[in-house]
Amino acid sequence: MSIVAPVKVIPEAREITTKPRLSDQVFRIIVTIGGMASLVILGLIALFLSIKGGHILLEEKFGFITGSAWEVITDESGTISQSKFGIGAMLIGTTLSAVIAILVGVPISVLSALYLTFYANGRVKTFLISVIDLMAAFPSLLFGFWGFFVFMSSAEYWAKLINKYFGFIPIFDVPTPIFERSPFIAGLVLAIMIIPIVTSISREIFDQTPLDRVQAAYALGATKLAMINAVVIPYGRGGIVGGAMLGLGRAMGETVAVYTVLNVVYQVNWQVLFGAGGNVASLILLKFGEAGPYEVDALMAAGLILFLLTLMVNAIADVLINRFGGKGK
Amino acid sequence: MTNSHNVGNDDKDETQMTTAHAKPASLSSVASARTQSQPGTALLGTGLETRGVHAWFGKKHVLSDVTLDFAAGTVTALIGPSGCGKSTFLRTLNRMHEFIPTAAMAGEVLLDGKDIYSPGTDVTKIRLRVGMVFQKPNPFPSMTIGENVLSGLKLAQIKRSNTDELLESCLTRAGLWNEVKDRLGEHGGALSGGQQQRLCIARSLAVEPQVLLMDEPCSALDPGSTFRIEETIADLAKTMTIVIVTHNMQQAARVSDYTAFFLSDGGPGEMIEAAPTSRIFSAPQDKRTEDYVTGRFG
Chain C
1 MSIVAPVKVI PEAREITTKP RLSDQVFRII VTIGGMASLV ILGLIALFLS IKGGHILLEE
61 KFGFITGSAW EVITDESGTI SQSKFGIGAM LIGTTLSAVI AILVGVPISV LSALYLTFYA
121 NGRVKTFLIS VIDLMAAFPS LLFGFWGFFV FMSSAEYWAK LINKYFGFIP IFDVPTPIFE
181 RSPFIAGLVL AIMIIPIVTS ISREIFDQTP LDRVQAAYAL GATKLAMINA VVIPYGRGGI
241 VGGAMLGLGR AMGETVAVYT VLNVVYQVNW QVLFGAGGNV ASLILLKFGE AGPYEVDALM
301 AAGLILFLLT LMVNAIADVL INRFGGKGK
Chain W
1 MTNSHNVGND DKDETQMTTA HAKPASLSSV ASARTQSQPG TALLGTGLET RGVHAWFGKK
61 HVLSDVTLDF AAGTVTALIG PSGCGKSTFL RTLNRMHEFI PTAAMAGEVL LDGKDIYSPG
121 TDVTKIRLRV GMVFQKPNPF PSMTIGENVL SGLKLAQIKR SNTDELLESC LTRAGLWNEV
181 KDRLGEHGGA LSGGQQQRLC IARSLAVEPQ VLLMDEPCSA LDPGSTFRIE ETIADLAKTM
241 TIVIVTHNMQ QAARVSDYTA FFLSDGGPGE MIEAAPTSRI FSAPQDKRTE DYVTGRFG
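As you go down the protein sequences, you meet chains C and W in turn.
Sequential numbering from 1 applies to the first sequence in my numbering.
Sequential numbering from 1 applies to the second sequence in my numbering.
The shape of chain W in the complex, shown without the other chains:
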């Protein structure tokens, strides 16, 4: 028995699981998660895996020993009360964690089997493959809507010929094309909050990431915009792996295939349980998960 939570990746062999540290409290989910069939796994590569990830801010240990797999083409929701380390964990997945001074981490994050923290890694290439959408919409105000979408190409110095096509396809996939197609030359700040957030999604799609990380992307938005973005997420999951942090359990239930529950009991945040979303909400294995998803705390 191990504390590894292999969220839906049938290709992984058992031996890998035995290397992780034993921690009996959260084991039962493993077996159940692994019996699920995976959409799109074969087409989209092996996806993203973490092995024993810890995180610190200065001396404060904020995240302890998270081992979790994200199968390609699935949506995984990270839920848990504030301060449980779920956003920190998300930010270790594309190396945004290290921007915070004094931030440190341990463990491995494997993208297609390669550790993104190994020495000599070009971190800009990692972030091209693992895109991110932030809590607060953050379009570049000095750029037009069109320039915002294509900004990733410029920032990462990617040459592309048919940018008009790319522009349209990204905005369409982000569910924004019809609203902005006649005003691509306007500044991004002229859009509503929900539109700005979809613009940010379109922007991250333009560099064609294989994984998209979303850090509470709807927490600053109204219900209508939230609904649009959830639709977008469902659509995007056909072609990429999505990891979404959310405070909203209904949202996790609506959009995700898998859910991982994080909790801190005053010490570093830990992952308590990870399983197919329906199971987390209907038959959680851990008492604390049950208490959380039934609204007894959090």
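Chain C with its partners taken away, still in its complex shape:
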């Protein structure tokens, strides 16, 4: 007789459920509404822009993004006989000035965040933090005015210097010596405007650097500089990228400040020192007041493109943060 091994019955996994209390259920609903509100509002704005501007995009097709003309010709009765819309020049202006803002603003912000976190103490620290917070709340129009009346002349001088010594590099060349109201100057003004947000986000993440790692570095004979390099920057990288992306978003969407310091010219211009460009948001501001219904639709289409561009930049930022940010954690 053979011995039959007892069959071991493996049960099905049980379904585990729980019934939350009423108070939890109600709170869950409230929180969900709050959480969804921003998504819904954003969605509605995108929908509105698409409905209003969609037909312009269909008519102009790809030329709306690549072209750089903005013409509306009407006959005597006021009906539009011919129109051409293209925001290529504005998109390039938007990109150029935002990139300059990031290149200049982020290093300054990171340095100032490092200073505030690891060097400043006591009253200096408190004072500087409130100054930077104040800067964040400052109306952008005032930055624009300051940029136009005060800052432009110095920046113009720097632009001339750069052009003189680095003019052989195509982007620093100019077709005619017009240095005022260039993407370079707009980018510098934007750089100043994004410093507060990038600084405060970087500072917050630097502040959270785990103390045990900081001490480990010091206990190994690290100088402060070496400690920051080995511990703080790897830990804070994700935060810096995140802050930079928020700054980029602000720089791309900025309207009034750019409007005051950047010429709106319907011409594709890659030469950052040359006074021609414009950005999408300031184009909308410039045209909105006098535009007829049809042109307003075109402006909405421009807004939609800006919206999509910002969305894309943020998506790229998320990928970057996931790829480079997590390692230091």
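If you are wondering where the hints come from, they were derived from the structure by calculation, not from laboratory data.
Remember, it's a predicted structure, so these values are computed and weren't measured experimentally.
Heads up, the beta-carbon is just placed ideally off N, CA and C, and yes, glycines get one too.
Hints may be right or wrong, so weigh each one.
[Stated by the list, open to error] Incomplete in silico selection of chain C near chain W, CB under 8 Å:
hint	residue
1	Pro20
2	Pro177
3	Glu180
4	Arg213
5	Gln215
6	Tyr218
7	Leu220
8	Gly221
9	Ala222
10	Thr223
[What the hints assert, rightly or not] With a Cα cut of at most 27 Å, we get these calculated BS3-like pairs of lysine-lysine:
hint	chain 1	residue 1	chain 2	residue 2
11	W	Lys154	C	Lys125
12	W	Lys114	C	Lys224
13	W	Lys125	W	Lys181
14	W	Lys238	W	Lys136
15	C	Lys224	W	Lys136
16	W	Lys114	W	Lys287
17	W	Lys238	C	Lys125
18	W	Lys159	W	Lys181
19	W	Lys181	W	Lys114
20	C	Lys224	W	Lys154
21	C	Lys224	C	Lys52
22	W	Lys114	W	Lys136
23	C	Lys287	C	Lys84
24	W	Lys136	W	Lys125
25	W	Lys159	C	Lys224
26	W	Lys181	W	Lys154
27	W	Lys287	W	Lys125
28	C	Lys287	C	Lys125
29	W	Lys238	W	Lys159
30	W	Lys238	W	Lys181
31	C	Lys224	W	Lys125
Since the structure of chain C is provided, determine the placement of chain W on it from the hints.
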């Protein structure tokens, strides 16, 4: 009679002892400690000494008047209940104490006879010579296992050619080489807690310190890992001076040559007694030490 506790340093002359402040309560240990013979003293320099060390956090006086010598090549355990100032004392020995805002200290800490707190001292050089292992394993998560071990060289900007050799020898001495030799490129966070702590020991060895301070290095670890680290400590003591803070009296008994007992009676922590470990556990001179090591409190 003085309150100096000269833990095993025969080279010190008597006159130095008389400069310390009189405090009769804890005297008897001095003579007994000083009669012991010292392993490795001649080879490894004079070691580390403290003279009348006090410490404060803000206005709170947390450590009072500790004078203690650590002979080169010995393991000294600092024991005592929580809040007795032993960790604070340890952190004054490589100037980590000053990282805590409002922290202050008085007295002298002499490394090879030179005060590490004297003005103009390059504190990074002090910390290279007096390494530290912390309570919680703290490898750098952004670095691989190999990079972690060699991180001290990078941090202190030390140039070294044969880093592969150094890497292997540090990991071997820390008792970790066999477990990680095939995965040096992995991140340090992938190791178990005990392995991470040995990685941290290996990391502190790479800059070749003459003193290694350990702040409850096993309190977050399981018994197996603790055993491995105790073995490592015994091994390391052949070439360096070790000071270990521990809550675990059995551990102090197992790993140390000398033991110093700290206690706070509500005021600042004081060192009650320091002597060869066997004497502290078998025949303590102070009643409070006896009460503590026999488990009557603490």
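Restraint check for Lys114 of chain W with Lys224 of chain C, where alpha carbons must lie at most 27 Å apart: This hinted pair holds, its Cα atoms lying about 24 Å apart.
Between Lys114 of chain W and Lys136 of chain W, does the CA-CA distance stay at or below 27 Å? violated, 31 Å
At a threshold of 8 Å, is the proposed contact between Thr223 of chain C and chain W supported by beta-carbon distances? Hint holds; Thr223 of chain C Cβ to chain W Cβ min 6 Å, cut 8 Å.
27 Å limit on alpha-carbon distance, applied to hinted pair Lys181 of chain W and Lys154 of chain W: holds, 21 Å
Between the alpha carbons of Lys136 of chain W and Lys125 of chain W, is the straight-line distance 27 Å or under? The given pair, whose Cα atoms are some 24 Å apart, holds under the 27 Å limit.
Holds or violated: Lys224 of chain C and Lys125 of chain W, Cα atoms, limit 27 Å. holds, 13 Å
Holds or violated: are the alpha carbons of Lys159 of chain W and Lys224 of chain C at most 27 Å from each other? holds, 19 Å
Can the restraint linking Lys181 of chain W and Lys114 of chain W be considered satisfied, given a maximum Cα separation of 27 Å? Measuring from Cα to Cα gives roughly 39 Å; hence the hint is violated.
When the nearest CB of chain W is found for Pro177 of chain C, is that gap smaller than 8 Å? violated, 48 Å
Satisfaction of the Gly221 of chain C interface hint, Cβ to chain W closer than 8 Å: Since the shortest Cβ distance to chain W is 4 Å, the answer is holds.
Between the alpha carbons of Lys114 of chain W and Lys287 of chain W, is the straight-line distance 27 Å or under? violated, 35 Å
Between Lys238 of chain W and Lys136 of chain W, does the CA-CA distance stay at or below 27 Å? Answer holds: Lys238 of chain W to Lys136 of chain W is near 25 Å, not above 27 Å.
Hints 1, 2, 3, 11, 13, 16, 17, 19, 21, 22, 27 and 28 from the earlier list are contradicted by this structure; the remaining hints agree with it.
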